[in-house]
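Take a look at the letters that make up each chain.
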Amino acid sequence: MVEINAITQGEHELISVKGEIDASSSIELDNALKEAAESGKKILIDLQELDYISSAGLGVFISYLEDLKKNNTQLVIFGLQEKVQEVFSILGLQHLMTIADSKQEAEQLLNEA
Amino acid sequence: MGMAFLLYPTHVFLSRMVSRKLKIRLSLLAGILSWLLFTFFDLYLLFVEKYQINVDLSGLLPQTFLTTMVVSVLFYYRYTVTKADSINFIDLLWQVFVTGLVTTIGSLIIRLFFYVFGNSAISENPFTINFLYHILIGLVVIYLVSTFVVWKRLIQYQKSKNLIQLWTLFEYVLLGSLIFDLFGNKFLSVNFNAALIILGGLALILAFNLKWIAYLNFKQKWKSILFILLSGIYVYHFLLNLISFSQTNALNIDLLDRVYFVALFFFIILYAAIAILVTLFNLPTSSVFERKLQEAIDFQKLSQSIPAGQSAEQIYDILLESSMSAVFADGAWLEIRDIEDTLITRDLPEEAVIDIKASVRQEYIRDILEYRFNKDFLSQKVIGAINHPDYKSIIAVPIMVKNEQKGILVLLQEVGDAFNREMVEIISTFVSQASISLENFQLIGEAIENERYKEQLKIANSVQKSLLPSSLRHNECFDIVAYSMAADEVGGDYYDIIEPETGIFNLIVGDVSGKGTSAAFNMAQMKGIFHSLAQNTNPPEVFVRQANAALSRCLEKSSFITAMYFQIDTMANELSYVRAGHCPALFYSNSSRIISDLNEDGLGLGILRNSEYDQYVKQHTATYQSGDLLLLYTDGITEAKNSDGIQYGTERLRTSLLNHIDEPLNDLKTGLIDDLMKFLKDKKLDDDYTLTVVRFN
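In the order they appear, the protein sequences are chains A and B.
Numbering (UniProt numbering) for the first sequence: 1 to 113.
Numbering (UniProt numbering) for the second sequence: 1 to 697.
Treat each hint with caution, since some may be false.
Stated by the list, open to error - DSBU-like mimics (lysine-lysine), calculated; alpha carbons at most 30 Å apart, straight line: (1) B:K669 - B:K684; (2) B:K684 - B:K465; (3) B:K618 - A:K69; (4) B:K681 - A:K83; (5) B:K618 - B:K527; (6) B:K678 - A:K83; (7) B:K669 - B:K681; (8) B:K557 - A:K103; (9) A:K18 - B:K681; (10) A:K70 - B:K618; (11) B:K83 - B:K375; (12) B:K557 - A:K34; (13) B:K83 - B:K219; (14) B:K381 - B:K402; (15) A:K83 - B:K641; (16) B:K684 - B:K641; (17) A:K83 - A:K103; (18) A:K18 - B:K641; (19) A:K18 - B:K557; (20) B:K557 - A:K41; (21) B:K669 - B:K458; (22) B:K669 - A:K83; (23) B:K23 - B:K381; (24) A:K103 - A:K41; (25) B:K557 - A:K70; (26) A:K69 - B:K557; (27) A:K83 - B:K684; (28) A:K83 - B:K557; (29) B:K683 - A:K83; (30) B:K684 - A:K18; (31) A:K83 - B:K618; (32) B:K683 - A:K18.
As the list claims (entries may be wrong) - So the derived list for chain A, only partly shown, Cβ under 7 Å to chain B, looks like this: (33) S55; (34) A56; (35) V60; (36) S63; (37) I90; (38) L91; (39) G92; (40) H95.
Quick caveat, the hints were computed from the structure, so don't treat them as lab data.
Keep in mind it's a predicted model, so treat the numbers as computed, not measured.
Idealized CB from N, CA, C, for every residue including glycine.
Build the full structure now, drawing on both the sequences and the hints.
This is the structure:
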């Protein structure tokens with residue numbers, strides 16, 4: 001269903017998500033985010049190959065927003081496909097998360113912060 | 001015996017009882033008569049010889065009666081000594097011990113006689129000597145023959161076809177030696193030695209059949225060593241006594257000149273000696289054996305509690321294989337009656353099954369074979385004899401699953417009486433193990449469609465349905481219809497409408513994140529919040545802020561709710577609303593025939609759990625006209641995917657709406673759903689979906 005890879009790239013953790021995130025596969029995303037959040041580094045999430053995200057998957061992202069903000073950890077997601085982008089924006093997440101078009105833009109946003 | 005009554009018609013049973021008793025009595029009578037005649041004729045011949053009376057009496061006569069006596073005693077003990085079984089090994093040996101004790105006391109009295117009367121005339125009289133010798137012969141015959149029969153029973157414990165053939169040969173040769181003895185061969189003559197070597201060879205081979213020893217526990221082994229040792233002492237004593245008689249040279253017939261008796265002595269001593277040695281060597285291992293047995297029992301208990309990971313076919317194979325090897329079966333079959341009947345045979349053509357079933361006589365086994373078994377399982381009763389050209393013995397064990405007979409396991413042997421209770425115990429252990437594995441399969445199957453679970457969900461379903469309004473409040477200014485379907489028994493979609501003041505309506509449609517039971521609980525919370533906070537004419541933005549504050553405290557961290565909240569003022573023909581992260585409602589304008597998205601900015605409830613949320617709440621107001629239509633829906637509709645993985649999407653929903661826009665409101669709703677179903681074809685929906693349509697008059 002979903003393939004999640006997490007690597008450390010210098011100053012930040014890069015998580016790439018591939019496939020679909022539904023209620024059952026959202027646990028893997030949760031684990032990856034938890035580890036990244038604990039590292040204290042800036043987090044970069046590559047969603048270029050994310051085809052679908054269910055409300056349970058969005059719930060995982062949402063559940064980390066508060067903690068990350070409290071710990072002043074930067075998080076940028078990038079490369080959202082049109083449909084995924086739409087899901088994020090319908091929910092209003094663009095107000096709470098930094099969403100970039102490309103990896104380059106995302107890295108730039110992270111470095112500025 | 002009481003049970004035997006049930007198995008046979010009374011008259012058959014009685015005739016069997018009588019004939020057995022009669023046989024025992026007849027053989028006893030024949031034995032006593034033979035001894036009397038043997039003694040009479042032998043002494044008579046002695047008399048004739050001594051006084052040289054010219055009587056034509058063959059010396060064969062006493063020899064013949066000695067032989068008939070031996071045969072009678074043999075038959076007597078064949079009828080009285082029971083078959084060897086693990087519970088009676090020690091009883092059998094006890095029998096040998098007691099018989100030996102009684103006969104030895106008799107023999108000792110004879111020795112006492114010679115001791116007391118020493119060199120007196122009476123003790124040197126050939127008549128006295130021969131008469132006492134005949135008594136001794138009687139005692140020796142009783143002891144030797146009874147011991148021989150017991151040894152036979154022990155040797156034939158768990159017999160095989162080969163063993164039976166060899167034993168039969170041994171008995172025939174022994175019978176031959178009895179006839180051979182009639183011709184009065186002398187001890188250690190050539191013929192005598194030849195016969196003895198043949199018998200000795202056979203005895204030696206047979207003497208190594210000691211399977212029964214393995215079934216004795218530590219204490220029983222010591223007991224059997226004691227009994228056999230004492231039996232050996234009796235034999236030694238008898239031999240001494242016989243030899244001392246032999247040395248008097250006064251004997252008319254010397255027992256030691258007879259191959260039969262010498263062979264019998266040899267056989268009995270040999271088997272006793274080997275049995276003692278084997279038992280001794282088995283002593284240190286018996287505790288290990290007992291422990292292993294206990295381990296096996298424990299293992300069984302353990303394995304019964306674990307659901308087996310194999311398929312039913314594998315279980316059948318294991319059951320057949322292990323059962324056959326445990327009882328040395330020549331053939332077997334396994335029958336299972338389920339949705340599909342199964343018949344697996346081993347070393348047996350399938351056609352033979354019907355013949356074998358027909359040849360079973362015991363009613364108990366017949367009941368098992370006919371699936372009528374409902375009694376208590378008795379291991380001795382499932383062993384039976386069959387009247388079949390290829391097989392003589394049968395074990396039939398019922399396979400019970402949840403107290404219901406599901407099948408049978410049948411094991412066959414070519415020889416009669418081949419099975420015993422221990423074998424059945426092992427088999428029934430295997431069967432009960434297999435039954436439990438089969439039961440597990442059944443349970444797993446049942447769990448999928450578990451009735452109770454379904455019942456619980458039905459309750460949850462009906463509770464949840466009651467959370468959705470059964471009728472939608474409205475007035476003459478608008479009509480409203482709604483449709484909701486959950487992917488699971490319980491769902492997380494919510495819609496409702498209330499009229500806090502005449503002409504003012506608060507309408508909500510909401511979607512709880514996730515699905516299933518937890519979503520349903522959150523939906524119930526949403527309903528509570530709506531019914532407490534929307535009972536006034538506060539504008540939508542106030543409601544949404546308050547709802548967010550309320551939900552922030554009760555939703556778990558990763559849950560959120562999207563909603564669209566409308567306030568319809570039917571007096572002002574006004575519609576004000578807030579979109580809280582929910583998929584945008586569609587608004588159809590009748591005058592322009594255009595559908596627009598109400599996709600103003602907004603944030604889902606419970607996403608931001610503090611007052612910062614408030615800044616994202618944006619209220620909008622619009623006016624409506626007659627014929628305008630509002631379509632609220634949840635993302636279950638637009639995100640529904642067909643088998644090609646294509647989403648239904650907003651565009652298809654818009655097109656569908658336009659196609660049905662002129663239909664009555666209920667038909668329009670049905671039309672929207674039908675269009676969605678056509679797109680999905682047979683694919684099941686995997687999310688909850690809800691439609692609410694409002695048409696203004």
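Tested hints:
Between the alpha carbons of K669 of chain B and K684 of chain B the distance comes to roughly 20 Å, so the proposed pair stays at or under 30 Å and holds. For the hint linking K684 of chain B to K465 of chain B, the alpha-carbon distance of about 20 Å falls within 30 Å, and the restraint holds. A threshold of 30 Å between alpha carbons decides the hint, and for K618 of chain B with K69 of chain A the separation of about 24 Å falls inside it, so the pair holds. Using a Cα cut-off of 30 Å, the hinted pair K681 of chain B and K83 of chain A holds, with the two alpha carbons roughly 23 Å apart.
With a C-alpha separation of about 22 Å, the suggested pair K618 of chain B and K527 of chain B falls inside the 30 Å cut-off, and the hint holds. Straight-line distance between C-alpha atoms of K678 of chain B and K83 of chain A comes to about 23 Å, which keeps the hinted pair within the 30 Å bound. The suggested pairing of K669 of chain B with K681 of chain B holds, with an alpha-carbon distance near 18 Å, which does not exceed 30 Å. Using a Cα cut-off of 30 Å, the hinted pair K557 of chain B and K103 of chain A holds, with the two alpha carbons roughly 29 Å apart.
Distance restraint check for K18 of chain A and K681 of chain B: the Cα-Cα separation of roughly 28 Å lies within the 30 Å cut-off, and the hinted pair is therefore satisfied. Restraint check: the Cα-Cα separation between K70 of chain A and K618 of chain B comes to about 26 Å, which is no more than 30 Å; the hinted pair holds. This hinted pair checks out: K83 of chain B and K375 of chain B have alpha carbons roughly 26 Å apart, not beyond 30 Å. For the hint pairing K557 of chain B with K34 of chain A, the CA-to-CA distance comes to about 14 Å; that is within 30 Å, so the pair holds.
Between the alpha carbons of K83 of chain B and K219 of chain B the distance comes to roughly 22 Å, so the proposed pair stays at or under 30 Å and holds. Simply put, K381 of chain B and K402 of chain B have alpha-carbon atoms about 22 Å apart, close enough for the 30 Å limit, and the pair holds. Of the supplied pair hints, the one linking K83 of chain A and K641 of chain B holds, its CA atoms being roughly 13 Å apart against a limit of 30 Å. For the given pair, K684 of chain B sits about 9 Å from K641 of chain B by alpha-carbon distance, which is consistent with the 30 Å threshold.
Of the pairs offered as hints, the one joining K83 of chain A and K103 of chain A holds, with about 19 Å between alpha carbons and a cut-off of 30 Å not exceeded. Restraint check for K18 of chain A and K641 of chain B: the C-alpha separation of about 19 Å stays at or below 30 Å, so the hint holds. Annotation: proposed proximity of K18 of chain A to K557 of chain B holds, straight-line Cα distance about 24 Å (limit 30 Å). In summary, the hint linking K557 of chain B to K41 of chain A is supported, as the alpha carbons are separated by about 22 Å, within the 30 Å threshold.
With a C-alpha separation of about 26 Å, the suggested pairing of K669 of chain B with K458 of chain B holds against the 30 Å cut-off. Restraint check for K669 of chain B and K83 of chain A: satisfied, since their Cα atoms lie roughly 26 Å apart, inside the 30 Å limit. With a CA separation close to 26 Å, the supplied pair K23 of chain B and K381 of chain B stays within the 30 Å bound. Taking the CA atoms of K103 of chain A and K41 of chain A, the gap is near 17 Å; set against the 30 Å cutoff, the hint holds.
Restraint check for K557 of chain B and K70 of chain A: the C-alpha separation of about 15 Å stays at or below 30 Å, so the hint holds. For the suggested pair K69 of chain A and K557 of chain B, the alpha carbons sit about 15 Å apart, so the restraint of at most 30 Å is met. As the CA atoms of K83 of chain A and K684 of chain B are separated by approximately 22 Å, the hinted pair is consistent with the 30 Å bound. Proximity of K83 of chain A to K557 of chain B is assessed by CA-CA distance (about 25 Å); at most 30 Å being required, the pair is judged to hold.
With a CA separation close to 21 Å, the supplied pair K683 of chain B and K83 of chain A stays within the 30 Å bound. Straight-line distance between C-alpha atoms of K684 of chain B and K18 of chain A comes to about 25 Å, which keeps the hinted pair within the 30 Å bound. Distance restraint check for K83 of chain A and K618 of chain B: the Cα-Cα separation of roughly 24 Å lies within the 30 Å cut-off, and the hinted pair is therefore satisfied. Between the alpha carbons of K683 of chain B and K18 of chain A the distance comes to roughly 24 Å, so the proposed pair stays at or under 30 Å and holds.
Taken as an interface hint, S55 of chain A checks out: its beta carbon lies about 4 Å from the nearest beta carbon of chain B, inside 7 Å. For A56 of chain A, the shortest C-beta to C-beta distance to chain B is roughly 4 Å, which falls under 7 Å, so the interface hint holds. Interface hint status for V60 of chain A: upheld, as the beta-carbon distance to the closest one in chain B is roughly 6 Å, under 7 Å. With 7 Å as the threshold, the beta carbon of S63 of chain A comes within range of chain B, its nearest partner Cβ sitting at about 4 Å, so the hint holds.
Look at I90 of chain A: its Cβ gets to within about 6 Å of chain B, closer than 7 Å, so that hint holds up. Checking L91 of chain A against chain B by beta carbon gives a least distance of about 4 Å; that is within 7 Å, so the hint holds. The interface hint given for G92 of chain A holds, since its Cβ lies 3 Å from the closest Cβ of chain B, which is under the 7 Å cut-off. Proximity of H95 of chain A to chain B holds as hinted, the smallest CB-CB distance being about 6 Å (cut-off 7 Å).
No hint from the list above goes unmet by this structure.
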